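Take these sequences, add in the hints, and give me the full structure.
Order-wise, the sequence lines are chains A and B.
Note that the numbering used here has the first sequence beginning at 7, numbered continuously upward.
Note that the numbering used here has the second sequence beginning at 5, numbered continuously upward.
Keep in mind the hints are simulated off the structure, nothing from the lab.
There are no misleading hints in this set.
Here are the computed distance ranges between Cβ atoms for each label pair:
no., chain 1, residue 1, chain 2, residue 2, range
1, A, R69, B, V853, 22 to 32 Å
2, A, R230, B, V853, 21 to 31 Å
3, A, A203, B, R426, 44 to 54 Å
4, B, Q339, A, P45, 28 to 38 Å
5, B, G796, A, D186, 50 to 60 Å
Some chain B residues well away from chain A (every beta-carbon gap over 12 Å; in silico):
no., residue
6, K22
7, D54
8, E273
9, A359
10, L366
11, S385
12, E388
13, R396
14, D399
15, E545
16, S552
17, D659
18, L741
19, L829
A quick note: this is a predicted structure, and the numbers were derived from the prediction, not measured.
Glycine is no exception: its CB is placed at the ideal position from the N, C-alpha and C atoms.
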Amino acid sequence: MIELHAVTKRYEIDHNRITALEKVDLAVETGEFVVVLGPSGCGKTTLLNVIGALDTPTEGTVRVGDHEISSMNNAELFAYRRSTVSFVFQSFNLFPALTALENVQFGAEVGGRKRWKRSGGGKSGEERAREALEQVSLGDRLRHFPHELSGGEQQRVAIARALATETPVLLADEPTGELDYRTGVSILELLLAQAAAGTTVLTVTHNAEIARIADRVLSLSNGRIVTDGPPTTGRLPVTELRW
Amino acid sequence: MGLGFWLRWTRRDMWARKWQVLGLALLIAFGTGSFGGFNAFGEQRQESFDESYALLHAHDLRIALVEGAFVETGTLLGALREAGLMEMVTGAEERLIASVQLDVSSASPAEDTVLVPGLFVSVGANAGFTGNSARDGSRSDGRMETAASAGTAVDTVHAKRGRTFGPEDAGERVVALDFHFAEAHDLPSAGEIIIGGEGRTRYVGQVLHPDHFWIVAPSGGMLAQEDYGVVFAPLETVQALTGRGSRVNELVLTTAPGVSSAELKAAAEVAFAAVLPETGVIFTRGEDETVRESIQSDIEDDQQFLNIVSFILLGGAAFASLNLMRRMMQMQRKQMGIAMALGLRRRSLAIRPLAFAALISLLGVIFGIIIGLVIGDALASFDEAVEPLPVRKSDFRLNVFVQAAFFGFLLPFLVAVVTVRRAVRSRPLDLLRPRHLTVTTRRGDSWLSHFAWGHSVLGRMPARNLARAPVRTVLTFLSVGAAISILFCMVSVGDAFGLVVDESEQELLRGAPARVRAGFSDFELVESSALQAVTAMEEVEKATPILSISATLLGDFEDFGDRESDLVEKGGRNREAGKEIDVALDFLDFENEVWQPLPRGSLDGAELGLVLSEKAAKDLGIKVGGTVWVRHPVRAESGIFGLMETEFPVLALHDIPLRQMAFAGIAHAGFLGLAGHANALDVVPVSGMSGDELQRHLLSVPGIATADPFSTLVDQLRETMSLMSGTLTIITVVAVLIVFLVALNITGIRMEEHRRDHATMFAFGLPVRRVLGVVMIENGMIGLIGAILGTGGGALLLQYTLATTSGASADLDIQPALSLSVFVLAVLAGVLPTALAPFLSFYKLRRLVLPSTLRIVE
Ligand SMILES: Nc1ncnc2c1ncn2[C@@H]1O[C@H](COP(=O)(O)OP(=O)(O)OP(=O)(O)O)[C@@H](O)[C@H]1O
Ligand SMILES: [Mg+2]
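Here it is as structure tokens:
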């Protein structure tokens with residue numbers, strides 16, 4: 007599903023060269039649940055951005071599904087983002103002018119009518135948004151605006167918004183960062199269920215404990231992948247997770 | 005940390021928002037600039053007139069014999085001397101004024117036939133010695149005391165081109181042309197002219213005369229210089245060329261220091277009643293002269309109008325800048341919060357945002373002075389084209405601009421101070437809370453979710469965004485609305501002007517588009533050969549006799565008790581007691597075949613009474629069936645003309661929107677002592693001949709002094725209107741520019757404010773055009789609501805404007821013309837700039853760097 011080949015991302019500010027990603031090679035299968043682990047500043051968000059076509063690599067190629075991102079024009083990039091990937095941002099980025107329901111509805115509607123049909127059901131964007139919010143246990147906060155929600159609630163709205171898009175690839179940047187243990191667990195279960203249903207999920211965390219639930223853990227350090235494989239400390243079912 | 009550190013930081017702040025800073029500064033500039041420019045121009049115009057009148061020693065009192073009456077040179081001055089009134093005057097000048105025909109074809113560069121009716125005005129022997137300081141000095145010794153003049157010169161002329169009269173012209177017949185007329189025909193500064201068919205006469209210059217700063221044709225047409233020429237010459241020349249021997253018909257006076265024109269007038273009225281008991285004598289104070297009064301009230305009305313306009317524009321700009329300043333200060337809140345949390349003292353904290361605000365305001369004021377000078381200059385040069393003056397003030401008005409700068413600087417700066425003060429006093433925590441998430445209303449936000457029209461979430465965003473910042477939104481509505489109201493009013497006034505012209509054209513040319521008024525130099529019997537000869541001309545299809553006189557409608561005296569006793573007590577008419585309206589009163593046959601006013605209400609030709617314009621009736625507060633007092637000339641048995649006041653019934657109102665037009669049945673000419681007489685013919689040419697052609701034929705007929713096609717009057721009206729719309733255009737341009745600036749500014753702010761939302765939308769793959777669409781709809785809503793407010797305000801302003809017009813437009817019956825197109829224009833002017841401004845951000849939006857915009861944690 008996702009293939010990165012020798013992807014490098016560099017920033018240059020006043021002759022000071024910062025390498026966010028260094029010759030990253032990566033292949034992720036459809037339906038895989040991958041956790042990206044690493045300390046602050048190691049390049050996790052950059053990696054997601056490159057896969058999500060928010061950022062272009064300085065060198066290397068990115069291929070997602072049938073799409074060769076590096077050779078796409080602007081219109082194709084927009085279409086790709088609309089139809090293939092969805093984001094849960096580290097800083098949520100909810101629309102302050104929209105209610106929780108409307109924020110999620112945005113995600114449900116952004117892909118256009120074609121995708122609604124594909125998802126079967128023929129449900130309206132609002133119905134699907136409602137469902138997504140139920141899934142993150144916010145069914146009772148539909149009419150609240152982002153500034154009326156706690157940080158964790160905002161994060162769950164952001165997750166619901168990404169789920170509602172029903173894209174084949176889901177990129178979640180620290181989705182449990184603001185959450186308490188119980189809620190965090192339920193969110194992770196949700197993401198695992200998505201993967202089980204065929205969605206390719208990449209989740210970023212700097213918490214090695216959380217990484218233990220994944221099939222596969224990528225450890226990043228200074229922009230390089232240092233380890234790639236099942237959790238080194240052994241796999242755990244979500245319910246036995248402690249942090 | 006020294007001041008330098010803060011200023012450096014401020015400079016970086018400004019640079020980072022350079023477009024918004026520039027936009028805000030320009031808005032302040034347009035507000036203060038229009039305020040300064042309009043007011044400076046108003047002051048300059050008033051002073052220019054005052055000094056022009058002073059420079060040319062404009063008369064304070066004019067003693068004129070009624071139309072057709074003349075006396076020997078020295079009679080009028082003698083009467084003044086005899087009555088011992090010389091003490092009360094500084095200068096006195098007898099003069100002769102006569103209607104003449106002018107032929108300047110030989111001087112016309114276009115080699116056209118330029119044959120027009122005109123006025124031949126004598127200027128005193130001393131007149132040539134002004135307009136030149138060197139000669140001014142010599143006047144005190146070289147002052148001439150002649151039979152016709154005493155003391156200093158009165159009503160002198162100022163040479164715009166060529167020269168005035170001087171000693172070198174002694175014994176020669178030279179004249180000077182009115183500058184307006186010469187300019188209208190592109191005539192060279194010196195050349196030859198034929199006056200009244202009396203052979204070629206040399207003209208030596210093009211001059212301005214204080215009685216003729218505006219050229220008003222006898223038909224009442226303002227700015228009539230193209231079709232009405234005024235020519236000036238020393239008294240002897242005028243007498244010789246008009247065949248009046250040594251007679252005169254006017255005396256003009258300037259008052260001695262400490263004497264008021266009213267005192268002089270009262271004294272002169274008594275004196276002349278004794279010397280010339282039979283002759284009608286009209287006493288007119290300088291400030292009551294039609295042209296001077298028109299100009300003065302025009303200046304005052306314009307000033308008042310421009311004052312209102314500039315306040316509205318300043319207000320609109322102030323609202324907008326308030327808005328922007330508020331937003332800019334809000335954007336600094338967080339930084340202030342951090343600084344506060346880091347323990348910075350409040351005073352230091354306030355420096356940066358305040359310096360920022362001060363610099364913007366200062367920049368605005370500097371631009372404003374430049375814009376104000378440009379606007380003032382445009383108004384002045386436009387004004388000079390309409391009313392050339394000997395003295396034209398164009399000095400810098402420090403006081404006005406200081407005032408403008410005061411408003412322009414203080415208003416936005418005060419907003420900054422209030423916002424900063426509030427921020428400095430709040431807890432750091434409140435400042436650190438992300439502002440873009442909080443809502444500025446206190447009522448809570450559940451009501452916001454009711455703004456949920458439209459199926460798609462995207463469609464709900466515009467209204468939601470506006471509702472989230474109500475104060476800011478309302479301010480924006482107001483600033484757009486203010487500018488649109490000006491625009492609406494200006495365009496409507498222009499339309500109303502057009503309507504007056506159209507209605508005049510329709511009424512005056514009804515059934516006879518080539519109608520020409522042929523005026524005779526004297527009153528003739530209708531049966532006389534002079535009139536019959538014209539009727540019999542082969543170029544003439546039909547003609548009807550007209551007895552046309554100048555008369556004055558006198559306003560109601562009811563409030564002043566018994567009118568007769570009032571007059572007796574005051575020894576004359578009390579001008580302040582009632583409104584007076586000068587009219588051209590035409591006695592005609594209401595059943596004639598050429599043309600007649602289409603009256604509203606019934607009209608019986610046999611009935612005695614007047615047909616007035618609606619405007620005159622409204623201004624005098626009279627209705628059909630009521631009566632009106634009229635002061636009119638009357639001819640005695642002896643043939644001498646006197647003045648009389650008669651009460652006439654008002655028979656009907658006509659549809660011509662020109663106040664000065666009044667009519668009566670010619671059967672009643674006996675009231676003027678002129679039964680069976682006429683002094684004009686309304687003539688229709690044979691089919692295929694134009695009014696202009698007929699005019700040429702008529703002017704070659706002996707006895708005919710004037711020949712005016714009515715289409716010329718309509719053209720003059722149209723010309724007047726188009727000149728008047730010059731100011732309207734300038735104001736409209738400023739208003740439109742303000743709408744544009746507001747549109748650009750709100751767009752800039754909106755784009756910055758919602759940058760993160762836009763980036764998020766892009767991350768979800770929403771195309772740029774749809775994101776742009778949201779902003780455009782949001783902006784368009786502001787434009788639309790602004791336009792709606794603006795049309796409301798504009799309609800009110802229009803009412804006010806039309807209710808207070810006087811001066812040049814007092815004689816016009818201007819009705820508010822609210823056409824659909826004005827509304828459409830107002831809406832377009834509101835919506836288009838606001839809705840389209842986001843397009844300018846298209847590339848900026850496309851180049852938005854998504855990762856870093858999305859990364860920011862507020
Ligand atoms: N626009 C930019 N200009 C310069 N350097 C940048 C830019 N964006 C990111 N970086 C740098 O790239 C590196 C990787 O950043 P990235 O956001 O991917 O880190 P991260 O692993 O997500 O960290 P965190 O866990 O703190 O979110 C960082 O060192 C960062 O400073
Ligand atoms: Mg990150």
